[in-house]
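Number of protein chains: 2
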Amino acid sequence: MPSLAPLLRDLNYDFTDQRLLRRALTHRSHSSDHNERLEFLGDSVLNFVVAALLHDAFPDMNEGDLSRLRANLVKQSALAQIAGKLALSKYLRLGEGERKSGGSKRPSILADALEAVFGAVYKDGGFSAAYRVVSHQYQPILANLDPHTLGKDAKTQLQEFLQARRLSLPIYEVTDTHGAAHNQSFDVACRIPALDIVTTASGSSRRAAEQGAAQKALQDIAGNKDVS
Amino acid sequence: MPSLAPLLRDLNYDFTDQRLLRRALTHRSHSSDHNERLEFLGDSVLNFVVAALLHDAFPDMNEGDLSRLRANLVKQSALAQIAGKLALSKYLRLGEGERKSGGSKRPSILADALEAVFGAVYKDGGFSAAYRVVSHQYQPILANLDPHTLGKDAKTQLQEFLQARRLSLPIYEVTDTHGAAHNQSFDVACRIPALDIVTTASGSSRRAAEQGAAQKALQDIAGNKDVS
Chain S
1 MPSLAPLLRD
11 LNYDFTDQRL
21 LRRALTHRSH
31 SSDHNERLEF
41 LGDSVLNFVV
51 AALLHDAFPD
61 MNEGDLSRLR
71 ANLVKQSALA
81 QIAGKLALSK
91 YLRLGEGERK
101 SGGSKRPSIL
111 ADALEAVFGA
121 VYKDGGFSAA
131 YRVVSHQYQP
141 ILANLDPHTL
151 GKDAKTQLQE
161 FLQARRLSLP
171 IYEVTDTHGA
181 AHNQSFDVAC
191 RIPALDIVTT
201 ASGSSRRAAE
211 QGAAQKALQD
221 IAGNKDVS
Chain Y
1 MPSLAPLLRD
11 LNYDFTDQRL
21 LRRALTHRSH
31 SSDHNERLEF
41 LGDSVLNFVV
51 AALLHDAFPD
61 MNEGDLSRLR
71 ANLVKQSALA
81 QIAGKLALSK
91 YLRLGEGERK
101 SGGSKRPSIL
111 ADALEAVFGA
121 VYKDGGFSAA
131 YRVVSHQYQP
141 ILANLDPHTL
151 GKDAKTQLQE
161 FLQARRLSLP
171 IYEVTDTHGA
181 AHNQSFDVAC
191 RIPALDIVTT
201 ASGSSRRAAE
211 QGAAQKALQD
221 IAGNKDVS
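The listed protein sequences derive, respectively, from chains S and Y.
Residue numbers for the first sequence follow the working numbering, so the first one is 1 and each next one is one higher.
Residue numbers for the second sequence follow the working numbering, so the first one is 1 and each next one is one higher.
For the chain Y half of the interface with chain S, some residues (derived, Cβ under 10 Å), not all of them:
no. : residue
1   : 43
2   : 45
3   : 47
4   : 54
5   : 61
6   : 62
7   : 67
8   : 70
These are calculated hints, taken from the structure and not from any lab test.
The C-beta atom is built at its ideal place from N, Cα and C for all residues, glycine as well.
Same shape as in the complex, but just chain S (with noise of 0.2 Å):
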């Protein structure tokens, strides 16, 4: 394993216990002291300090709206992002198999991971010490982040923004059908007549394609400023 200093230095914590964060970084297909037990811990502070940072920075938000942010803050993806940010896989320990097949490259390893290093945290240096690395990874991504928007798909936002200006909601309408039964692919058109919007787009769903239309719609509102 390199050095472990960037990765402290990062992470803006020192350890009292370096075993801890060893064992947070060793995935079970390396050896029995794996991370697994570290990762159950350290899901829940994670989500505990995301609630607690969404509550202090909405103040107005409800409830529902609180769970989608959280949700989508804490999510795989979100987590590998972080990870890689920490250049996590370079010190992780992966079994021979694991390695080769690219396990340190893999959103799963990479999210659990960073779970269990925020579990070595807590159990090294308590809850604050916890709050304090988890906020530090995750403020600048508060700042960021559009809580109107984060987590919800293209055909809501599409609907909420038409609503938001009483305008008439999109029309959803299958152009054409290919392929067969089992193997089909939708084209889809999606029109907002009081925008003089058109936009086209084909999924393997109905509903995929449904959404890949309204996407386009948001991306054609968002070049038209006079319309927002």
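Based on these hints, arrange chain Y on the given structure of chain S.
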């Protein structure tokens, strides 16, 4: 609302700002200053504290078993039971309609209010206060739980009991079915030749009937101390 003194005594906590506790006890049917945001916070502080308590109490337990135990300790019925011991229903503030329809006894409302109370303690006194209050409620439960069976269904428990003693697995057999296609009932027998046990049960699905028969076999085993 009656005096909050008995509740504060049972929680083992004094609020600096008692308005937080009042809000935690206010259902959304009562007024706009309701408990849903505190519930969001309390749900996650509860999940974390219970995770930490389990992590400490069972140092050799794997992540899967820890998760199973936690899920059972924080599920709605478990929370409603704690709320019952605290007589939370006496203190709830509900809208007229909710109160008349028995809302103060509804497990979902009680469980949510209890989570909100934990969230209020966190807001009022910080993490160490929340940890103490949640621990105070859960330590007696942890002291009495059986980590090997809590949250496991009867078939799983029976299978593990037999495997631990290197005995053959039970044989489940549908012995009869009654009723029409969409309203059937199944009779199932569970046989454990090595222990000379045969039990039977009925259910609206094969699975439900098997669980019932396994439960009876576990009771037979528990009644016959020679076996265990």
